[in-house]
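Colleague: This is what each chain is made of:
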Amino acid sequence: MSLFSTLRISSTGLTANRLWLDTIASNIANANTTRTPEGGPYRRQDVILAPQGRAGFSQFLGSANSTTAGQGVTVAGIAKDTSAPRMIYNPDHPDADANGYVAMPNINIVTEMVNMIAAQRAYEANVTVIGAAKSMAVKSLEI
Amino acid sequence: MDITPLRLNPISAGTLGAPKAESPAGNALDTFSGILNNEIHQVDAVQKSADTAVEKFIAGELDIHDVMIEVEKASVAMQLTVQLRNKVMEAYQEVMRMQV
Amino acid sequence: MIDQLFSNDTFVALQKGLDASSLKQQVIANNVANINTPGYKKQDVSFEDEFKQAIDNKYDAGMLQTDPRHLPGGSSLTSVGIKVTTVGATSMRYDGNNVDIDEEMSKLAENTIRYNAMAQLMSSRLSSLKTVINGGR
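Protein chains in written order, with full-length UniProt numbering: chain Y, 1 to 143; chain G, 1 to 100; chain R, 1 to 137.
Incorrect hints may have been included.
To be verified - If you only want the chain R side, here are some residues facing chain G, beta carbon under 8 Å, derived:
no., residue
1, 3
2, 6
3, 12
4, 15
5, 18
6, 58
7, 119
8, 122
9, 129
10, 133
As the list claims (entries may be wrong) - Not close to chain G: a few residues of chain R, all C-beta gaps over 12 Å, as computed:
no., residue
11, 14
12, 19
13, 46
14, 49
15, 56
16, 67
17, 77
18, 85
19, 92
20, 93
21, 94
22, 106
23, 135
By construction, these hints were calculated from the structure, which means they are not laboratory data. All C-beta atoms in this analysis are idealised placements derived from N, C-alpha and C, irrespective of residue type, glycine included.
Build out the structure end to end from the sequences listed, making use of the hints.
Modeller: See the structure below:
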């Protein structure tokens, strides 16, 4: 139970980090998208991570007396950036408005790159934990 | 001089083969059979708890090291009981081989 | 007799150690999975201090119990509790998360080695029991 739920917890970490990487990839790919089905430029997406606890009373008791660990991480949602878009002056652009300004997405490539490295490192850390848990389980088979 | 003749007392069914009076209740460990009985019950209990542990493991409730330890405990207990039985049989056969 | 085979203090200690170690693995996995979750505080398993106290009490004189109503002193090995505690220290990160990846990785390595060592020790105890029982054959 304990070692197998370790594997499950780490796999939630892997899933969450992969999803984060997906949103980062989407942000980078759409860094210059000015036309979306909802109208307006592409809105930067970000993941909202939340810890996953065991359902029931124990998560309200807090961890003062708990004898169980949490259950990993979950993506509570994907938030869309709601700040105002960057306005670039480009009258020849097909999406330019009356004043010649084009609304461009608020995506900073450097920020996305840093986030990508963080997601990658977190993914690797979770993989290491899975490897360690597997070796422990195999070792305990030899008892 | 009066010589008292030898007399054979007839063996009645009551004298030979009568079981010794059982020791008072609560001293079951005094007799060897009591000890053996106790041991067999303990081995049975250990085997049962190993079975329960395996079932719980399959249901996902028990950890892998717990089930391995329970199963090994049952195996050790069973080996101990089998060896005890072997020794008892050897001792019995040794006694039977004795020339009267 | 069979109960006494397995109620040896070291046997109980090994079992407790294995339980605590696998819970600690779970807690470390949870910390690593939540390394980017805002506001998450890292957790740890408290077990070694209580265990040390239980061992010290075993080798001390212990409290004398001349009456059944006397409280037992210290703790026996079987009653050592394994608890998950939250470390609420302030963090250097702006999102309130205080998980340190390097610390978690080194705790992971240490815990894995400890678990493997305890599993190995348990296995060798059991096999030496079997050797004695089978008379060296």
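Colleague: Decide, hint by hint, whether the structure agrees.
Modeller: For each hint, the structure was consulted:
1. Hint status for residue 3/R relative to chain G: holds, with the closest Cβ pair at about 6 Å, below 8 Å.
2. The interface hint given for residue 6/R holds, since its Cβ lies 6 Å from the closest Cβ of chain G, which is under the 8 Å cut-off.
3. Hint status for residue 12/R relative to chain G: violated, with the closest Cβ pair at about 11 Å, above 8 Å.
4. Evaluation of the residue 15/R hint against chain G yields a held restraint, the C-beta minimum of about 6 Å falling below 8 Å.
5. The criterion of a C-beta within 8 Å of any C-beta in chain G is met by residue 18/R, whose closest approach is roughly 5 Å, and the hint holds.
6. Using the Cβ-Cβ criterion of 8 Å, the hint placing residue 58/R at the interface with chain G is not satisfied: the shortest such distance is roughly 21 Å.
7. At about 7 Å, the closest approach between the beta carbon of residue 119/R and any beta carbon in chain G falls short of 8 Å, and the interface hint on this residue holds.
8. With a cut of 8 Å, the hint placing residue 122/R at the interface with chain G holds, because the nearest CB-to-CB distance is about 7 Å.
9. Interface restraint check: residue 129/R against chain G, minimum CB-CB distance 5 Å, threshold 8 Å, status holds.
10. The closest approach between the C-beta of residue 133/R and any C-beta of chain G is roughly 5 Å, which is under the 8 Å cut-off, so the hint is satisfied.
11. In this structure residue 14/R is not separated from chain G by more than 12 Å, as the shortest Cβ-Cβ distance comes to only about 8 Å.
12. Remark: the non-interface label on residue 19/R conflicts with the geometry, its nearest Cβ contact in chain G lying 7 Å away (cut-off 12 Å).
13. Residue placement check: residue 46/R keeps its beta carbon more than 12 Å from all beta carbons of chain G (closest about 19 Å).
14. For residue 49/R, the shortest C-beta to C-beta distance to chain G comes to about 23 Å, beyond the 12 Å cut-off, and the non-interface label holds.
15. With a cut of 12 Å on Cβ distances, residue 56/R stays outside the contact zone with chain G, its closest approach being about 26 Å.
16. Under the 12 Å C-beta cut-off, the non-interface status given to residue 67/R relative to chain G holds; the minimum distance is some 24 Å.
17. Interface exclusion of residue 77/R from chain G stands, the closest Cβ pair being 15 Å apart, more than 12 Å.
18. Every Cβ of chain G is farther than 12 Å from the Cβ of residue 85/R; the closest lies at roughly 21 Å, confirming the non-interface assignment.
19. A cut-off of 12 Å between C-beta atoms confirms that residue 92/R is not in contact with chain G; the least separation is 36 Å.
20. With a least CB separation of 34 Å from chain G, residue 93/R remains clear of the 12 Å interface cut-off, as annotated.
21. The non-interface label for residue 94/R is consistent with chain G: the shortest C-beta to C-beta separation is roughly 38 Å, beyond 12 Å.
22. The beta carbon of residue 106/R sits about 23 Å from the closest Cβ of chain G, which is more than 12 Å, so the claim that it is off the interface holds.
23. Not every CB of chain G is more than 12 Å from the CB of residue 135/R (nearest about 7 Å), against its label as outside the interface.
The structure fails hints 3, 6, 11, 12, 23 (numbered hints given earlier, in ascending order).
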